[in-house]
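There are 2 protein chains.
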Amino acid sequence: MLMAVTVLRLGHRPQRDKRVTTHCALVARAFGARELVYSGERDKKFEETVKGVVESWGGPFTVKYTKSWRSFLKSFKGKKVQLTMYGLPLEEAPVPKGNLLVVVGSTKVPPEVYGLVDLNVAVGGQPHSEIAALAVYLYRIHGLKKRFTGAKIRVVPSEKGKKTVASKG
Amino acid sequence: MLMAVTVLRLGHRPQRDKRVTTHCALVARAFGARELVYSGERDKKFEETVKGVVESWGGPFTVKYTKSWRSFLKSFKGKKVQLTMYGLPLEEAPVPKGNLLVVVGSTKVPPEVYGLVDLNVAVGGQPHSEIAALAVYLYRIHGLKKRFTGAKIRVVPSEKGKKTVASKG
Chain A
142 MLMAVTVLRL
152 GHRPQRDKRV
162 TTHCALVARA
172 FGARELVYSG
182 ERDKKFEETV
192 KGVVESWGGP
202 FTVKYTKSWR
212 SFLKSFKGKK
222 VQLTMYGLPL
232 EEAPVPKGNL
242 LVVVGSTKVP
252 PEVYGLVDLN
262 VAVGGQPHSE
272 IAALAVYLYR
282 IHGLKKRFTG
292 AKIRVVPSEK
302 GKKTVASKG
Chain B
142 MLMAVTVLRL
152 GHRPQRDKRV
162 TTHCALVARA
172 FGARELVYSG
182 ERDKKFEETV
192 KGVVESWGGP
202 FTVKYTKSWR
212 SFLKSFKGKK
222 VQLTMYGLPL
232 EEAPVPKGNL
242 LVVVGSTKVP
252 PEVYGLVDLN
262 VAVGGQPHSE
272 IAALAVYLYR
282 IHGLKKRFTG
292 AKIRVVPSEK
302 GKKTVASKG
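Each protein sequence line maps, in turn, to chains A and B.
Residue 240 in the numbering used here sits at position 99 of the first sequence, with consecutive numbering throughout.
Residue 145 in the numbering used here sits at position 4 of the second sequence, with consecutive numbering throughout.
Please keep in mind that the hints were generated in silico from the structure rather than gathered at the bench.
Misleading hints may appear alongside valid ones.
Each pair may be met inside one copy or between any two copies, as identical chains are not told apart.
[Unchecked claim] Only pairs whose alpha carbons sit at most 27 Å apart, straight line, appear in this in silico DSS-like list of lysine-lysine:
hint: 1; residue 1: Lys293; residue 2: Lys218
hint: 2; residue 1: Lys293; residue 2: Lys208
hint: 3; residue 1: Lys159; residue 2: Lys185
hint: 4; residue 1: Lys286; residue 2: Lys192
hint: 5; residue 1: Lys309; residue 2: Lys159
hint: 6; residue 1: Lys238; residue 2: Lys309
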């Protein structure tokens, strides 16, 4: 699919959210988003972690920090979807076309966000995980990304055990 | 579907994994597993968190601790699937029937696990997140769970904003 997907992760707190935000970024990459933009506190360690994965496993995929999620969200050209347990059921929500921004919050999402997006979508109206919601949503509209460029390594699928080979990029 | 799904989470470390394991448990519940069993270090705070969600949002869903993942895995009656980026692609893996154990690791999975399960399945052969892998796998074989019993609260889906009502259970 030609859709260009950006993920916006709100309210990152390095101490508390490092792993969860890292999972969000790696999910975004694996399911075909081209970048993750995050707000909250800047976290260079998180950025380095993702950069390291892209260097080994390929891209294109970038992580960017924004001081103002509000102006980023407002100025984004394309459809804007927030994933929230309070939104419309995934199965009933229309699938956007063209450029897409997928917003995922941390614990407290500013109420304003619900109105600034075009659509609020629930991957089940139950409390679970923004990582899971992002994965299932992107899987449904986009599928797993199959081709990565510049990879140094790739997995050879196997029934038992772990097998990797050097990638030709 | 009548399949009874148990999730086995390996190697929990309370300090480091609290949120990731909690996300795994909430995903397991939301996508229709009936229980999560975890090994590593016992973590009563994590157990209480999940119990609190079940009390408010319904079940049935339980969390149990096992001292020996090995004997739990060996004695499980049913198919055993590990989710790992090194496994067979999701799209090519057969869908198990009947009782199912889905194994998700933390950083270091003992090599023995790959041989003890019936099938190793990759939700994409890329590094991302055990939470995401669990969600997409359960979504594919099972779908979102629609009915929860004993819930005190439920979401009323809305296009904008957050709406909940008291549930009749």
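Could you place Lys309 and Lys159 in one of the four classes (within, between, both, neither) given a Cα distance threshold of 27 Å? Intra 31 Å, inter 38 Å, cutoff 27 Å: neither.
Given a CA cutoff of 27 Å, do Lys159 and Lys185 count as a within-copy pair, a between-copy pair, both, or neither? both (10 Å within a copy, 23 Å between copies)
When no copy is specified for Lys293 and Lys218, does a C-alpha distance of 27 Å or less occur within a copy, between copies, both, or neither? neither (33 Å within a copy, 40 Å between copies)
Intra- versus inter-copy proximity for Lys309 and Lys238 (alpha-carbon distance at most 27 Å): neither (32 Å within a copy, 39 Å between copies)
My question is about Lys293 and Lys208: at a cut-off of 27 Å on alpha-carbon distance, are they close within one copy, between copies, both, or neither? neither (33 Å within a copy, 39 Å between copies)
At 27 Å max between alpha carbons, let me know whether Lys286 reaches Lys192 within a copy, between copies, both or neither. Within one copy only: 18 Å inside, 36 Å across.
When the structure is compared with the earlier hints, violations turn up for hints 1, 2, 5, 6 and for no others.
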